[in-house]
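> The primary structure of each chain is shown beneath.
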Amino acid sequence: MNIFVCVKQVPDTETKVQPNGDGTFIETNSIKWIMNPYDEFAVEQALLVKAANAGSTVTVVRVGGVKDTEALRTAMAMGADEAILVEAEDNLDSYSIAKALKGAIDKSGKSADLILCGKQAIDDDCLQVPQILATMMELPSVSVIVGFEQDGDKVTVKREIEGGALEIYELNKPCILATNKGINTPRYASLPGIMKAKRKPMQQLSLGDVGVTADDRRVVYSDFQLPPEKPAGKKFDAMDEADQQKVVEEVVGLLRTEAKVI
Amino acid sequence: MNFALTAEQIEMYNMAKKFSEKEMIPYASEFDQNSTFPINQIKKAWELGFVNTCIPVEYGGNGLSLVDAVTVGEALSYGCMGMHTSIMCNDLALTPIVVGGSEEQKERFLRPFTESPLLASFCLTEPGNGSDAAGIQTTIKDKGDHWVLSGEKMWITNAGHADWFVVYCSIDPKLKHKGISAVVVSKDFEGIEIGKKEHKLGQNCSDTRSIRFNNVKVPKENMLGGPGEGWKIAMKTLDHSRPLVSSIALGGSQRALDLSVEYAKERKQFSVPLSKHQAIQFMIAEMKMKVEASRLLIQKAAWLADQGEQNTTIASTAKAFAADSCMQITTDAVQIYGGYGYSKEYPVEKLMRDAKLIQIYEGTSQIQRLVIAREVLGK
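Chains A and B are the protein sequences, given in the same order.
Count the first sequence with numbering that gives the first Met the number 0 and you get residues 0 to 261, in order.
Count the second sequence with numbering that gives the first Met the number 0 and you get residues 0 to 378, in order.
None of these hints come from the bench; they were simulated from the model.
Incorrect hints may appear among the rest.
[Unchecked claim] Distance condition first, Cα-Cα at most 27 Å in a straight line; then the derived BS3-like pairs of lysine-lysine:
(1) B:Lys21 with A:Lys31
(2) A:Lys229 with B:Lys264
(3) A:Lys234 with B:Lys275
(4) B:Lys275 with A:Lys233
(5) B:Lys21 with A:Lys180
(6) A:Lys31 with B:Lys299
Extracted from the complex, chain B is given alone in its bound form (with noise of 0.2 Å):
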């Protein structure tokens, strides 16, 4: 039993603190309210080796594990959850080529994303369909020497900058989880059409929209796997991207308590600091705990992927625990900063709004509840 980072793990941590303090902390706020896709961000995080941490070393990757990739993301988010979840994006859109993928399609796919900056997007939710995933109704049609793609996809992360998309699809609707199957489709592809940048609550720097796919003609050899073998391959990405994304969470709640130990410091009540007022030293205590449990549970979620064992149950209970202790930790933020809190002027709302969707996106936290009491209690 060891629960020490590696040297190399904390150095990771350090550096990407680091960027996260210089590159991100800096322009968040006005990234936010002017909705400005983090683009310098995500350029100088991919030459630093933080974007596509999923990609095998055989591919041209760095070779990272999970363990590795969840610290480093919890340092980038500490920075800015939003832009953050636009860093994170290719891992998303990316894994399930390395899941599910032929040594052809990665070599194909995976290598150009190490060579240049290339954005990926993951397309799954549809306007109809966000938890019940199994119920796509884009469809794949089999035209012999090639397939056709039509149907819409819902709150695609950065959509109007991606070079690819990873799109999930049906060869018949009716067959729900067992007729789903994904494809690899560039922009460059004829019939896709781009929606319009959506308004969001918050992570509002990150890119977000549909895209409709006019039968789209895909060449058959970018299907992954074969037809029907789509679902199987996004519960492996799951399992993978699931601490990815709690990391997420992670990062804004250890941002939320320093900024409220900070205040709590500094700003006097009744002649004395906050910190002197137990109201508000449990508030920081609770926080305090939330942030331990959620790293544990995220560390335990990524290691036993690393270990190639089976992590789903872990990796739900790491995303929901995260995911909503970061909603409520950024809310006692707010609550400490007081008046303040509820200003632009101060950081804290803002982590309160970025904190929100991590509960939504990736399964939201009913679904996770839900793959829980399913192990716990037998189907």
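If we strip away everything but chain A, and leave its shape as in the complex, we get (with noise of 0.2 Å):
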């Protein structure tokens, strides 16, 4: 079975963001990059289903800048056998995120099996690259899984909906899920792994490589800020029984009137 899975890079959740000179991106010098916590239960995902059906590989793919390669190199660690890297601006649209990464597989020679995403970037969170990546191939697709079970060709896999209720879908591989947290518990890369992954192959293309032009932008960013300071809160002294009863309707006042949420 040949198994894909997309990863992204993502800044670690304790970063402090700031936006760029020109306002297209945030600030990438001094970032440290993770791979997206929702991509980790894809590679898990993987191993499993690697580990259930002998002979078996995983691929990881990644689209994006190639100073730092952690997320791949994590993903090599844990036990996936090979990654390609399609270099790329780190702002790119979900469109051109999508198209590279079709490409990417499509040019690797292997015919996908099954293709693991995370559900969502924890950084833009587009919720769309599985989405549009299964339309662009043509494969049935089912995000937000937190059940996957496999029986031959036939995948059941369970889908978390609003209010905890689940979904089931049965899918035919080959096809496409986008896991959600729950499915499962993703393993640590081990010591010996971290250093197995230094002498496993990752094939390095562009975004020229995999058919990707400008044209195919259909999100160009330009203008990132910081959301607003929230004000300081404000403070009501009703310590004197006198001034309670109007304290308490300026009180009200305001929570109808600024805050609006009464």
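These two chains come separately, so use the hints to put the complex back together.
The following block contains the structure:
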């Protein structure tokens, strides 16, 4: 079985994000990159499927900057067999990323039996690459999956919907699945895994190699800004009983007119 | 000249740090208060390759350099110095076999440790001798086809859980260091009596006990080197293990620094965060200076060993500096936290208690200075 996992590299959750000079993205110079946490579930699921299907290979694919290849190295240290890196700016839009992923998978020379992605990236939270990729590849796809079972070519997945209810889908391979928290517990990369990863093949491609051009961009970022700073909270003094009626009225009034919550 | 860790070392550090944040920190306080031995952490750590970093690839090990090992050691000790003392204990116990064992002994003793999470203890200190390690009173007698071991050992880490003991003993205590020998002893040998668990100031999750060897029959082929070779083996072991132990201090220091920075930014006194007061800024700057200097000394001591060069003096320098710094840094962390710092509800008082041990075990800070002074001044 040829299993592909699409991973994204995102800033560590503790990063203090700053817009870059021209507002086209965030400042990436001093960022510590990690694998998108939802993608860790996808990698783990791929490794579990690999373990259950002798002779399978897991290929991780990433589209993004090349200064740091943390996400791919981590995936290979966890146990993925090889990696493909498509060199691109880090602020590419979802459509271009999906097209690049498709191009990379096509170019790998392997026909994909299963493609796994995280349900969303925690940096831009677009939640659309798996679906666009599925449309481009004309494959069935289910997102936000929390359960996975496989029986020959048939795959049964559980999908979480609003309110915690589950939908159950049956699909035929090949298909594209996007994982949510709860589907598994991602393993740690082991020290021997990290050392072996060094010797695993990583193929590097350009956007041109995978057929993506500037015309493919559907979204251009132009004005990244920090959200306005939260004003300090208001304090009301109602220690004196005589003031209490007045203060309560004032607070209720502000909740209506200013905060607009009642 | 290059101070950068390799990409793999950075990844090892990040992975170990993640392990320490998820598997160690959440349990550290509870294990400390109940003196719970971190057996699950040790087993998980073993699966990930954190235990037995000293075992060479030829015998099933992971082939880590000492720089790799101290990098991982810092990250794990960040989670809990006590737990990491117990995780690292195997390295101290098995290094004598790595440096002093024959091919046959290495294969026989080391490989099983790579196949299942066995534990081993290093038995040097005795009730009557600590710093004066050459004054060993435990004896080993030649009985023709086997040895007989008798004596008592003290403050033995992981003793209650160890499958194997590497025991330093003497063919004749009058010979001092020339009589010292090292033997590998199974917990199943007849005549071993494990003492009760010691109550300690800190590092409470780590199991510390005395052990008595009552005329224990030891096979001839379990002696490392030969009779009288033990002192050399012990000294070589310390060259390797002191950087590792220093990394325990460094992990604790870095944790105390991070917790202090976090608290200083959030706690307000005189209407501004503590971090705006110069008195606190200077304490934090001092912590940072000591953390950085400790790390460089430890990396240098480990790097020299990896180059196959003599590292005794720099290893002692790293050990004394990192341990003393850790004591100072963790004490200052309690000071910055004030009344909260003195409370067990907050994590810093435990760091201060755990730190004290590092100035004592693996050669006290005074013994390290003795080693350094001997080198600088000549004997």
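> Verify the proposed pairing of Lys229 of chain A with Lys264 of chain B, using a straight-line Cα cut of 27 Å.
holds, 18 Å
> For a C-alpha distance cap of 27 Å, please report whether Lys234 of chain A and Lys275 of chain B respect it.
Answer holds: Lys234 of chain A to Lys275 of chain B is near 24 Å, not above 27 Å.
> Need the status of pair Lys275 of chain B, Lys233 of chain A: alpha-carbon distance at most 27 Å?
The given pair, whose Cα atoms are some 24 Å apart, holds under the 27 Å limit.
> Quick one, are Lys21 of chain B and Lys180 of chain A close enough, alpha carbons at most 27 Å?
holds, 16 Å
> Compare the distance between the alpha carbons of Lys31 of chain A and Lys299 of chain B with 27 Å, and conclude whether the hinted pair is satisfied.
Given pair Lys31 of chain A, Lys299 of chain B holds - Cα atoms ~26 Å apart, limit 27 Å.
> Below or equal to 27 Å on CA atoms is what counts here, so check Lys21 of chain B against Lys31 of chain A.
Within the cut-off at roughly 19 Å; holds.
Every hint from the earlier list agrees with this structure, and none is contradicted.
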